[in-house]
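Colleague: The residues making up each chain are set out below.
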Amino acid sequence: MDFKDYYAVLGVSESASPEEIKKSYRKLARKYHPDVSKEDDAGEKFKELGEAYEVLKDPEKRAEYDQLRKYGPQADGSFQPPPGWQSESGFGGGGYTDADSRQFSDFFEQMFGGGQAGRHSAGGYRRSVRMRGEDVLSRLPLFLEEVFNGCEKQVSFTVHEADDKGRIIARKKTLKVKIPAGMREGQHLRLKGQGSPGIGGGEPGDLLIEVELAPHPLFSVEGRDIVLTVPVTPWEAALGATIMVPTVGSRVNVKVPKGTSSGRKLRLKGKGLPGKHPGDQIVVLQIAIPEQHSAEAEKLYEQLAEAEKNFDPRSKLHL
Amino acid sequence: MSDKDSILTVEVMDSDGSTYTLHEVCERGECHAEFVIKLVNYGIITPVEPSTEARQWQFDVAALARLHKARRLQRDLKMNLPGLAMSLELLDEVQEMRREVARLNHRLQQLID
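Just so you know, the sequences run in chain order Y and P.
Take the first sequence: its position 4, counting from 1, is numbered 4 in our numbering, and each next residue is one higher.
Take the second sequence: its position 41, counting from 1, is numbered 41 in our numbering, and each next residue is one higher.
Looking at chain P on its own, in the form it has when it is part of the complex:
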């Protein structure tokens, strides 16, 4: 490949604003709509406007990233939906706690110095 190491400058298309339809997240997550609907029902991912009908759902980038994560965990660790829902929640909590611990350690270090 000639462009192997070439460096392009790309503008970030969207940071917060962009959303995907149910069809688009299915295509990107390589899964059926049924799976996404189940994830929504289990509260694993949430559409931007959860009250609307499934075919009007819009998902943000974070929801898509979470769908990818759910797919990987399901594939690699053979998890069912309740297991997935619980693991993802616990993983969120663990991540939040790791950040909190880092913040507190940091604050503590400042107090000691």
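So here's chain Y without its partners, still in its complex pose:
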């Protein structure tokens, strides 16, 4: 078991006043709330914060914790409580506030949960109350190809359920899920009955999966449309050409119209994300020139400059 330094978690000193602790907790809770933060480990940090605050905001628990802290972790960072340790402050009769205490660490359980095994008990409800299991929300990052073609993914998530003694425990669950083609970023899938089990014969909750899209090296996605920047040569742009353009998982021939400027967009109907109303692929043309020209080419450009000298691309800049 690892020792938890609750003062470090809250970023306060050992002598911090209750007001300082509250202030720091509130600030960090806003920062690390999993619905607010974009950090990957925000959920973990938020849990740690809740646990640290649960102990340090209560003068009795804080005093006990200070004692434990003096006793300290061992050289390897592990921690053993002093022999015969038993929390006096207890978390029995309504000890927990509204923090989600099911997710507190082993350290917390051992130090402050001792002898209070029944505190999260669902046993009492078992005979009298039917409760629907909670819905579980899970985010699933997918590659564009997976979204485009549909795929089978393994999804791991945590459900809460009652064990033999009626205590609520967390259990990791893994499912293989068939993702239909054409899901968009931010869309949800619902897997009926795959969330946390119900209590007292209550219905199980659902698993809700929110789709996230991993960035693709070539394509970007805007709604149902897939956008791709395609370089063309100046002569292709000037004279028009048929060029090969990749789509997700395939390629198509595209006609570049004569006299194309950089930034011109071509719409490939129905080549975007599939679905009832499939999106389009948008090709953004971009004129590319070679890093070096041959002497012959330079001569030709000079001729071109002469032939086209009336063209002023900066006429709108009021120079």
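Wrong hints could be hidden among the right ones.
Covered, in the sense of this in silico footprint (three residues per stretch, anywhere, with C-beta under 8 Å from a C-beta of chain Y), are these stretches of chain P [as the list claims (entries may be wrong)]: (1) 18-32; (2) 55-65; (3) 70-82; (4) 98-110.
The calculated SDA-like cross-link candidates involving lysine to any residue, where the alpha carbons are at most 25 Å apart (straight line), are [to be verified]: (5) P:Lys-78 x Y:Ala-29; (6) Y:Lys-265 x Y:Ile-287; (7) Y:Lys-255 x P:Gln-110; (8) Y:Lys-153 x Y:Lys-172; (9) Y:Lys-178 x P:Ser-18; (10) Y:Lys-192 x P:His-32; (11) Y:Lys-165 x Y:Pro-197; (12) Y:Lys-299 x Y:Thr-233; (13) Y:Lys-27 x P:Met-86; (14) Y:Lys-31 x Y:Ile-21; (15) Y:Lys-153 x Y:Glu-212; (16) Y:Lys-22 x P:Lys-78; (17) Y:Lys-269 x Y:Ser-250; (18) Y:Lys-31 x Y:Pro-141; (19) Y:Lys-192 x P:Leu-22; (20) P:Lys-78 x Y:Pro-34; (21) Y:Lys-258 x Y:Ala-305; (22) P:Lys-78 x Y:Ala-8; (23) Y:Lys-23 x P:Pro-82; (24) Y:Lys-31 x P:Arg-71; (25) Y:Lys-27 x Y:Gly-43; (26) Y:Lys-23 x P:Leu-84; (27) Y:Lys-38 x P:Met-86; (28) Y:Lys-23 x P:Asn-80; (29) Y:Lys-265 x P:Leu-108; (30) Y:Lys-178 x Y:Gly-275; (31) Y:Lys-172 x Y:Pro-34; (32) P:Lys-38 x P:Pro-82; (33) Y:Lys-192 x P:Asp-60; (34) Y:Lys-70 x Y:Ser-15.
Honestly, the hints are just simulated from the structure, not real lab data.
Yeah, the Cβ is synthetic: ideal placement off N, Cα and C, and Gly gets one too.
Fit chain P to the given chain Y structure using the hints.
Modeller: For chain P alone, kept in the frame of chain Y given last:
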């Protein structure tokens, strides 16, 4: 648990089409109908057909996910309804901007390469 690591193949029940009644979202969001009605009045969540009476409301999965989010923010950060409404709107905006920045960075990278 024997099924601890077992892997099931489940079909996705519904992607777009499925909806929940007011009663169902209350049960799933562990909240009173009054709270959901307030969220709707503040424009935090929207029923599929907003013009109907509350007892005929249907909510999609995204609205349910938003209700869960609102409940978590309210519980964890002690927010009132106007605060919740504003935070959720700002969070949406932030998320949209993060996506936009990622898209633009991506496009920029392509232009540089």
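Colleague: Take the hints in turn and mark each one as holding or not.
Modeller: Quick rundown of the hints versus the structure:
1. 18-32: holds (count 4)
2. 55-65: With 4 residues in contact (Cβ-Cβ under 8 Å with chain Y), the coverage given for the segment 55-65 of chain P holds.
3. 70-82: Held - the segment 70-82 of chain P has 5 residues with a Cβ nearer than 8 Å to chain Y, which meets the minimum of three.
4. 98-110: It holds: at least three residues are needed, and the segment 98-110 of chain P offers 7 whose Cβ sits within less than 8 Å of chain Y.
5. P:Lys-78 x Y:Ala-29: It holds: about 11 Å lies between the C-alpha atoms, which stays within 25 Å.
6. Y:Lys-265 x Y:Ile-287: holds (12 Å)
7. Y:Lys-255 x P:Gln-110: Between Lys-255 (chain Y) and Gln-110 (chain P) the Cα gap is close to 22 Å, so the pair holds against 25 Å.
8. Y:Lys-153 x Y:Lys-172: holds (16 Å)
9. Y:Lys-178 x P:Ser-18: holds (17 Å)
10. Y:Lys-192 x P:His-32: Since the Cα atoms of Lys-192 (chain Y) and His-32 (chain P) sit roughly 22 Å apart, the hinted pair holds (cutoff 25 Å).
11. Y:Lys-165 x Y:Pro-197: holds (16 Å)
12. Y:Lys-299 x Y:Thr-233: holds (17 Å)
13. Y:Lys-27 x P:Met-86: Judged against 25 Å, a Cα distance of about 18 Å means the pair holds.
14. Y:Lys-31 x Y:Ile-21: Holds, at roughly 15 Å.
15. Y:Lys-153 x Y:Glu-212: holds (13 Å)
16. Y:Lys-22 x P:Lys-78: Within the cut-off at roughly 13 Å; holds.
17. Y:Lys-269 x Y:Ser-250: holds (15 Å)
18. Y:Lys-31 x Y:Pro-141: Status holds; Cα separation ~23 Å.
19. Y:Lys-192 x P:Leu-22: Roughly 18 Å between the alpha carbons, so the hint for Lys-192 (chain Y) and Leu-22 (chain P) holds.
20. P:Lys-78 x Y:Pro-34: Distance ~15 Å between Lys-78 (chain P) and Pro-34 (chain Y) Cα, so the pair holds.
21. Y:Lys-258 x Y:Ala-305: holds (19 Å)
22. P:Lys-78 x Y:Ala-8: holds (24 Å)
23. Y:Lys-23 x P:Pro-82: holds (22 Å)
24. Y:Lys-31 x P:Arg-71: Given that 25 Å is the threshold and the Cα spacing comes to 17 Å, the pair holds.
25. Y:Lys-27 x Y:Gly-43: OK: Lys-27 (chain Y) and Gly-43 (chain Y) at ~15 Å, within 25 Å.
26. Y:Lys-23 x P:Leu-84: holds (20 Å)
27. Y:Lys-38 x P:Met-86: The hint holds at about 18 Å.
28. Y:Lys-23 x P:Asn-80: holds (18 Å)
29. Y:Lys-265 x P:Leu-108: holds (16 Å)
30. Y:Lys-178 x Y:Gly-275: The given pair, whose Cα atoms are some 16 Å apart, holds under the 25 Å limit.
31. Y:Lys-172 x Y:Pro-34: holds (19 Å)
32. P:Lys-38 x P:Pro-82: Holds, because 10 Å separates the two Cα atoms, which is no more than 25 Å.
33. Y:Lys-192 x P:Asp-60: holds (14 Å)
34. Y:Lys-70 x Y:Ser-15: holds (14 Å)
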